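On the provided structure of chain C, position chain Y as indicated by the hints.
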Amino acid sequence: MAGVQRPLSPHLQVYRPQISSVLSITHRITGASLGFGTLLLAWWLISAATGAEAFAQAQGVLGSIPGRLVLFGFTWALFYHLCNGIRHLGWDAGLGFEIPVMERTGIAVIIFSIVLTIAAWAVGCTLAGGVA
Amino acid sequence: MTESLRSPLGRVRGLGSARSGTTHWWRQRLTALALLPLIIWFVIGLVSHVGADHAAVVAWIAAPLNAALLVLLLTAGFWHVQLGGRVIIEDYIHGEGLKIFSVVALNFATIAVGLACVLAVLKLALRTV
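Chains C and Y are the protein sequences, given in the same order.
With our numbering as the guide, the letters of the first sequence map in order to residues 61 to 192.
With our numbering as the guide, the letters of the second sequence map in order to residues 6 to 134.
There may be inaccurate statements among the hints.
[Said to hold, decoys possible] Cβ pair distances, simulated, as ranges:
hint, chain 1, residue 1, chain 2, residue 2, range
1, C, SER81, Y, ARG132, 22 to 28 Å
2, Y, LEU103, C, ALA168, 34 to 40 Å
3, C, VAL130, Y, GLY15, 45 to 51 Å
4, Y, ASP58, C, VAL161, 34 to 40 Å
5, Y, ASP58, C, LEU99, 20 to 26 Å
6, Y, ASP58, C, LEU129, 22 to 28 Å
7, C, LEU187, Y, THR28, 39 to 45 Å
8, C, GLY63, Y, ARG24, 35 to 41 Å
9, C, GLU163, Y, ARG132, 50 to 56 Å
10, Y, LEU70, C, ILE89, 32 to 38 Å
[Stated by the list, open to error] Stretch-level coverage of chain C by chain Y, calculated; a stretch enters the list once three of its residues show a Cβ under 8 Å from a Cβ in chain Y:
hint, stretch
11, 87-93
12, 102-108
13, 136-150
[As the list claims (entries may be wrong)] If the Cβ cut is set under 7 Å, some of the chain Y residues that face chain C in the computed set are:
hint, residue
14, ALA37
15, VAL52
16, GLY56
17, GLY90
18, ILE93
19, ILE94
20, ALA117
21, ALA121
22, LYS128
23, LEU129
FYI, nobody ran anything at the bench for these hints, they're computed from the structure.
Note that the coordinates shown come from a computational prediction; the quantities given were computed from them, not determined experimentally.
All C-beta atoms in this analysis are idealised placements derived from N, C-alpha and C, irrespective of residue type, glycine included.
Next up, chain C with everything else stripped away, as it sits in the complex:
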């Protein structure tokens, strides 16, 4: 093994990125990110259970501009993982395996995840009475 340069089978980087592969790895990345994001959820819930002062501190950090950027990213990751998860459940049921269908549902996942993210933030900002 050591020192001998053996030929390797083609690996990921030799293939042109396609809807199937890009969305698949994005599903993993969003899933892992959301896993780490549960720490924010935990912080928010525990601060709410601790008291008004701790809660105001958490809200202050989450409501800051960097906090909002992170939350916006998590919102999209959540909607993406949700939409693509439905796509996965469809495949598990044997639906949508044809390549044209698979590409259409993939594009639909991208569009829906972006639209839902913007819609959620638009409604949230409106209810909060403006972006400030």
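Only chain Y this time, still in chain C's reference frame:
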């Protein structure tokens, strides 16, 4: 058909070499299915409380139905993170020692953080006003 090396009993049980069969795969799907409506409900709840003060958020969490749905969401959610995270670890970490350590750390972390979240919800839900 070539003769299989698997015993007839092993084939009937269908558990494979890891002795767990499709259990992990199936649980990941069931938690995903449970999370679909729960996540949609939770996002609507969060969005409708943007900018709300502590008292309003606590009242929402503590309402009996909301607290029950939150506990369900947290249970299914952290379980789903544990199941999915394990697959990612097993796919990308090849050293046996680091792999086992990572899976154990993931199990401990998801149980600990998940339990802390559930206790926070229960504390608010069960407090005497």
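Verification of the hints:
1. In this structure, SER81(C) and ARG132(Y) break the distance hint of 22 to 28 Å, their C-beta atoms being roughly 50 Å apart.
2. At about 38 Å, the beta-carbon gap between LEU103(Y) and ALA168(C) stays in the expected band of 34 to 40 Å.
3. Roughly 49 Å separates the CB atoms of VAL130(C) and GLY15(Y), a value that falls within the hinted 45 to 51 Å.
4. About 48 Å separates the C-beta atoms of ASP58(Y) and VAL161(C), a value inconsistent with the hinted range of 34 to 40 Å.
5. Between ASP58(Y) and LEU99(C), the C-beta spacing of about 24 Å keeps the proposed range 20 to 26 Å intact.
6. Take ASP58(Y) and LEU129(C): their Cβ atoms lie about 23 Å apart, and the range 22 to 28 Å holds.
7. At about 43 Å, the beta-carbon gap between LEU187(C) and THR28(Y) stays in the expected band of 39 to 45 Å.
8. Distance hint for GLY63(C) and ARG24(Y): a CB-CB separation of about 39 Å, consistent with the stated range 35 to 41 Å.
9. The supplied range of 50 to 56 Å is met by GLU163(C) and ARG132(Y), whose beta-carbon atoms lie about 52 Å from each other.
10. Checked against the hint of 32 to 38 Å, the pair LEU70(Y) and ILE89(C) passes, with Cβ atoms roughly 34 Å apart.
11. Residue count for the stretch 87-93 of chain C with a Cβ under 8 Å from a Cβ of chain Y: 3. That meets the three needed, and the coverage hint holds.
12. For the stretch 102-108 of chain C, the assignment as covered by chain Y holds, since 4 residues bring a beta-carbon within under 8 Å of that chain's beta-carbons and 3 suffice.
13. Three residues within the 8 Å Cβ limit are the bar, and the stretch 136-150 of chain C against chain Y gives 6, so the coverage statement holds.
14. Here the hint on ALA37(Y) is kept, as its CB sits about 5 Å from the closest CB of chain C, short of 7 Å.
15. Proximity of VAL52(Y) to chain C holds as hinted, the smallest CB-CB distance being about 5 Å (cut-off 7 Å).
16. With a cut of 7 Å, the hint placing GLY56(Y) at the interface with chain C holds, because the nearest CB-to-CB distance is about 3 Å.
17. Taking 7 Å as the C-beta cut-off, the interface hint given for GLY90(Y) holds, the closest approach to chain C being about 5 Å.
18. Interface restraint check for ILE93(Y): the shortest CB-CB distance to chain C comes to about 6 Å, inside 7 Å, so the restraint holds.
19. Because the smallest distance between the Cβ of ILE94(Y) and any Cβ of chain C comes to about 10 Å, over 7 Å, the interface hint for this residue is violated.
20. Interface restraint check: ALA117(Y) against chain C, minimum CB-CB distance 9 Å, threshold 7 Å, status violated.
21. Of the supplied interface hints, the one on ALA121(Y) holds, with its beta-carbon coming within about 6 Å of a beta-carbon of chain C, less than 7 Å.
22. A cut of 7 Å between beta carbons decides the hint on LYS128(Y): the least distance to chain C is about 5 Å, and the hint holds.
23. The criterion of a C-beta within 7 Å of any C-beta in chain C is met by LEU129(Y), whose closest approach is roughly 5 Å, and the hint holds.
Consistency note: the structure conflicts with the earlier hints numbered 1, 4, 19 and 20.
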